[in-house]
Amino acid sequence: MPGQITADHLGMTLTIDELDHENREYFAYCAKGEFRLQKNPNNGLVRYPPTTRCPWTGDAEAEWVPVEGKGTVYSYNEVHHAIQPAFKAVAPYMLLLVELDTQKGQPSEMEGLRVAGNLVTADGEMAPPELVKRIGIGSRMRMVLKKISDEIALPMWTLDEDAEQPAKPWRYAQE
Amino acid sequence: MTLSSVSDVDATAPKHLADQFSIVGVGETTYSRGGTFRTTRAMATEAISKAMADANMTAEDVDGMLSYSSGDSTFSPFIAGDLGIRLNFYMDVFGGGSSTEALIGIAMGVIEAGMCKTVAIFRSMNGFSQVRIGGTGARSTVPVKGDELHSRAYGWQAAGQMFAPTFMRHMYDYGTTPEQVATVKVTHSQHAARNPKAYYNKPVTVDDVLSSRFIVKPLHLLDCCVETDNANCIIVTKAERARDHRSGPHALIRSVVGRCCKPRIDMHYQHGPISTVAGHYAKEILWPNAGLGPEDVDVTGAYDAFTFTSMLQLEDYGFCKKGEGGQYVSDGTIKLGGKRPNNTSGGHLCEGYTHGINMVIENVRQLRGEIDDACPIGPDGKRQHTHDFSDGGSCRQVKDVEVTANLGWAMPGTGSAMVMVKG
Numbered sequence: 001m002p003g004q005i006t007a008d009h010l011g012m013t014l015t016i017d018e019l020d021h022e023n024r025e026y027f028a029y030c031a032k033g034e035f036r037l038q039k040n041p042n043n044g045l046v047r048y049p050p051t052t053r054c055p056w057t058g059d060a061e062a063e064w065v066p067v068e069g070k071g072t073v074y075s076y077n078e079v080h081h082a083i084q085p086a087f088k089a090v091a092p093y094m095l096l097l098v099e100l101d102t103q104k105g106q107p108s109e110m111e112g113l114r115v116a117g118n119l120v121t122a123d124g125e126m127a128p129p130e131l132v133k134r135i136g137i138g139s140r141m142r143m144v145l146k147k148i149s150d151e152i153a154l155p156m157w158t159l160d161e162d163a164e165q166p167a168k169p170w171r172y173a174q175e
Numbered sequence: 001m002t003l004s005s006v007s008d009v010d011a012t013a014p015k016h017l018a019d020q021f022s023i024v025g026v027g028e029t030t031y032s033r034g035g036t037f038r039t040t041r042a043m044a045t046e047a048i049s050k051a052m053a054d055a056n057m058t059a060e061d062v063d064g065m066l067s068y069s070s071g072d073s074t075f076s077p078f079i080a081g082d083l084g085i086r087l088n089f090y091m092d093v094f095g096g097g098s099s100t101e102a103l104i105g106i107a108m109g110v111i112e113a114g115m116c117k118t119v120a121i122f123r124s125m126n127g128f129s130q131v132r133i134g135g136t137g138a139r140s141t142v143p144v145k146g147d148e149l150h151s152r153a154y155g156w157q158a159a160g161q162m163f164a165p166t167f168m169r170h171m172y173d174y175g176t177t178p179e180q181v182a183t184v185k186v187t188h189s190q191h192a193a194r195n196p197k198a199y200y201n202k203p204v205t206v207d208d209v210l211s212s213r214f215i216v217k218p219l220h221l222l223d224c225c226v227e228t229d230n231a232n233c234i235i236v237t238k239a240e241r242a243r244d245h246r247s248g249p250h251a252l253i254r255s256v257v258g259r260c261c262k263p264r265i266d267m268h269y270q271h272g273p274i275s276t277v278a279g280h281y282a283k284e285i286l287w288p289n290a291g292l293g294p295e296d297v298d299v300t301g302a303y304d305a306f307t308f309t310s311m312l313q314l315e316d317y318g319f320c321k322k323g324e325g326g327q328y329v330s331d332g333t334i335k336l337g338g339k340r341p342n343n344t345s346g347g348h349l350c351e352g353y354t355h356g357i358n359m360v361i362e363n364v365r366q367l368r369g370e371i372d373d374a375c376p377i378g379p380d381g382k383r384q385h386t387h388d389f390s391d392g393g394s395c396r397q398v399k400d401v402e403v404t405a406n407l408g409w410a411m412p413g414t415g416s417a418m419v420m421v422k423g
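Line by line, the protein sequences are chains V and C. Residues in the first sequence are numbered from 1 upward in steps of one, following this note's numbering. Residues in the second sequence are numbered from 1 upward in steps of one, following this note's numbering.
So here's chain V without its partners, still in its complex pose (with noise of 0.2 angstroms):
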């Protein structure tokens, strides 16, 4: 399709069209080594994912603000029977909701901007079983933007290192 732009991540197809202009200016900064998330200025909320609308006042203006890439896991699933041929060879993976230190509580209690990402390595491979077990609930975290195209990079989880971590963070009961 015209004007569609594709890539290729762990042998599985991801597009965009072109007129899907929020996904692919996301992307697109996420390619350069920016995250950076849509901000309402009339209120200063900032929201994840992307959306066409301010999702607290429904304003249409918008503007693309960088925010740090750092934050505290709020929940996660481990992956042991992939069902995408692409993760087969990587289980068990996890898909981590970190909890950014931007906003978080803001601008109700219960809210925070909760990104998803898998657990990778520093350098932004999918995390070895190893380094699955080390990982809980209550784990630091920083963002790593693994590239794949020119035009998409996807925001993925890797162990803060330089952080200060719970002492056990919380994983679920069976190993």
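Among the hints, a few may not be true.
DEER-style ranges, computed between Cβ atoms [said to hold, decoys possible]:
| no. | chain 1 | residue 1 | chain 2 | residue 2 | range |
| --- | --- | --- | --- | --- | --- |
| 1 | C | T136 | V | D123 | 27 to 35 angstroms |
| 2 | V | V90 | C | K399 | 30 to 38 angstroms |
| 3 | C | T30 | V | V65 | 55 to 63 angstroms |
It should be emphasised that the hints constitute simulated quantities derived from the structure, not laboratory data. What you are looking at is a predicted structure, and each value in this text was computed from that prediction instead of being measured. Note that beta-carbon positions come from the ideal geometry of N, C-alpha and C, so glycine has one too.
Chain V is already provided as a structure; the job is to place chain C on it using the hints.
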């Protein structure tokens, strides 16, 4: 932990519709895995014709049709044509779990608007042999497009994978244990052992669940429902018309909530608590409109796509205190013979997977006293239910059921519910 306010929910559905509609007919095919090898069209016509027979209705009596699917079924016009039904109304909507109760509400509205008189609602799916409901096969390989780059690109696609952060967080927030949650499967398997139609009818233990392989933590294989091929139908009409066709007690619709959502439903994890599900909001509509509460309910049908989904919904609809769902599902309450049995057919974990409609069928039969277990049929043609729920028994008809509640699940952020009463 504080929740966003729900006090602004205004439950002002017209209560003059309460008890004015009946589920007058129910029908189903077998629940199988590749055993029938038929089209969704063939299965739907069988389920609907059985529901019409159950309702004592002919093709002339049914003039409305509703179905739900995700492109994996046959649309109403083909089904109606096969059955000789001329439709005054039909609609085929996109939807999976939680569609049943929502469509029942829509059927009531359509009939109330005078658009038609009687609506057959069906779901027909080859969830094992064609479009795998677990998301394996063809669905797992289509390109990842646009908004899906925030989910499927991370291997976050199948229902269990998508819901797992909610399940994990419930364990973290409240100390819910794997053993407690596994009890849902254990209990439903005991119920299924009394259901000749159930695909899985062998009782399992907590150890069986916890020693089955991990699919996606915290879900073991036996925490997940079974993928099956089947069709289900329910027929909705005004109660007075229903009585013209069918004698005996009726399952009357007291209250419905359809596809009620948490905030930020585009990605509900942005708005917590993520260990709370849509029932937290839906209950503010369900119970006021029903004029009763969870304590009045005799039998529940809490959607069990996974063990966790039953527990979370029972908790958020108020059958126990928030955070005590693990105890509620493991203390005997939800067993046959317990205070409030859940999914007496064995549900999606054991009977078969139909996106919620078979759980409504089961509760219709509970209210009528017409559960299709293996109890002997007496000289009057009626089943002689023993209500003996001790080990090894075959009865699953709960005695004197007056009120049932179905709690339908689409995902943590969306749910539907319905209260039915005997009348």
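Each hint, compared with the structure:
1. Between T136 (chain C) and D123 (chain V), the C-beta spacing of about 31 angstroms keeps the proposed range 27 to 35 angstroms intact.
2. For the pair V90 (chain V) and K399 (chain C), the beta carbons lie near 53 angstroms from each other, so the given range of 30 to 38 angstroms is not met.
3. Checked against the hint of 55 to 63 angstroms, the pair T30 (chain C) and V65 (chain V) passes, with Cβ atoms roughly 57 angstroms apart.
In summary, the one numbered hint that this structure violates is 2.
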